[in-house]
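Residue numbers for the sequence shown, in the numbering used here: 2 to 294.
Calculated directly from the structure, the hints in this document are not laboratory data. Don't take every hint at face value.
Stated by the list, open to error - Straight line, CA to CA, 27 Å or less: simulated DSS-like cross-link-like pairs of lysine-lysine: (1) K63 to K18; (2) K11 to K104; (3) K198 to K82; (4) K104 to K13; (5) K18 to K3; (6) K38 to K18; (7) K223 to K13; (8) K98 to K269; (9) K163 to K16; (10) K128 to K223; (11) K251 to K163; (12) K38 to K163; (13) K162 to K3; (14) K18 to K51; (15) K128 to K3; (16) K162 to K18; (17) K54 to K38; (18) K3 to K13; (19) K4 to K163; (20) K11 to K63; (21) K163 to K14; (22) K17 to K3; (23) K104 to K128; (24) K82 to K223; (25) K58 to K17; (26) K98 to K14; (27) K269 to K104.
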Amino acid sequence: MKKFDEVFEKVKKKKKKVVLVGAEDPESLTAVDEAVKLGFIDALLVGNGKTIKDMLKNLGIKDDFEIIDSEPNTSSEVGVKIISSGRADILMKGLVKTSALLKAVLNPEWGLRTGSLLSHLTVVEAKDYDRFIGITDGGMIIRPTLDQKVQIINNAVSFFKKLEIDTPKVACIAAVEVVNQDMPETMEAAELAMMWKRNQIGGCIVEGPLGFDNAIDERAAKVKRITNDVAGHADILLVPDIHSGNFIGKTMDYCAHYTIGGIVLGAKAPIVVVSRADEARSKLASISLSALM
Numbered sequence: 002m003k004k005f006d007e008v009f010e011k012v013k014k015k016k017k018k019v020v021l022v023g024a025e026d027p028e029s030l031t032a033v034d035e036a037v038k039l040g041f042i043d044a045l046l047v048g049n050g051k052t053i054k055d056m057l058k059n060l061g062i063k064d065d066f067e068i069i070d071s072e073p074n075t076s077s078e079v080g081v082k083i084i085s086s087g088r089a090d091i092l093m094k095g096l097v098k099t100s101a102l103l104k105a106v107l108n109p110e111w112g113l114r115t116g117s118l119l120s121h122l123t124v125v126e127a128k129d130y131d132r133f134i135g136i137t138d139g140g141m142i143i144r145p146t147l148d149q150k151v152q153i154i155n156n157a158v159s160f161f162k163k164l165e166i167d168t169p170k171v172a173c174i175a176a177v178e179v180v181n182q183d184m185p186e187t188m189e190a191a192e193l194a195m196m197w198k199r200n201q202i203g204g205c206i207v208e209g210p211l212g213f214d215n216a217i218d219e220r221a222a223k224v225k226r227i228t229n230d231v232a233g234h235a236d237i238l239l240v241p242d243i244h245s246g247n248f249i250g251k252t253m254d255y256c257a258h259y260t261i262g263g264i265v266l267g268a269k270a271p272i273v274v275v276s277r278a279d280e281a282r283s284k285l286a287s288i289s290l291s292a293l294m
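Make the full structure from the sequences, and use the hints.
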């Protein structure tokens with residue numbers, strides 16, 4: 002798959018139920034309504050019931066949703082408990098703080114922990130490159146260790162296989178394409194590439210260090226004379242820290258105007274965590290990604 006429209010068509014075959022936590026958010030409500038109309042989800046809304054009903058009316062959205070009235074400080078707990086009880090399949094962040102939602106997700110009694118590392122994956126519909134490009138981790142792990150990077154790769158690779166990419170190409174991104182002892186990111190990138198060559202990372206191809214340009218763009222790779230199976234054709238960009246991942250994702254969105262979606266991987270259920278500033282199209286894309294799980 003190369004476009005979100007293809008994802009929309011695929012997920013129609015297996016309708017899921019989304020619980021929107023902090024549903025007092027017009028962009029999230031618009032995205033949920035569109036996903037319902039497209040036929041790939043049903044939805045349950047958690048938040049201030051009156052505010053949600055008024056917002057639905059103002060948006061011209063039919064008030065057919067089940068609404069669970071909740072206070073802002075308890076909405077995340079209510080939503081996670083709905084997922085853990087089996088009443089819904091997908092957890093979606095609305096107008097609540099990410100930290101509050103994740104605290105509920107990680108609750109040891111009724112949360113959604115599996116023992117795996119939780120990591121964030123941004124999926125970009127890169128129309129100029131005729132493919133999806135993943136960016137990880139720009140939303141969860143601030144500065145991942147080498148072991149965490151392996152788990153982040155595994156999470157992203159498993160998901161990209163659901164996009165029908167059998168052997169995803171993973172580029173370990175750094176500022177330069179050579180190992181530099183003053184840049185630990187380049188050294189870890191080279192270690193990850195070696196781990197892949199020794200079959201310690203499977204199901205994909207891993208190369209690094211690579212720059213952002215020569216990882217995604219074939220011409221840039223040729224100009225810099227970088228020849229490997231990933232250079233110029235990367236499906237997944239493993240970034241060195243949360244800052245670089247966040248910057249790249251938002252640049253793709255606001256400057257290139259690509260449609261992006263975001264999902265948290267590694268929990269018992271997929272978690273849609275998007276910026277409150279994201280438009281409805283981006284939130285719809287994120288819902289469709291979660292419905293693939």
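Indices of hints not satisfied (ascending): Numbers 2, 3, 4, 7, 23, 24, 26, in rising order.
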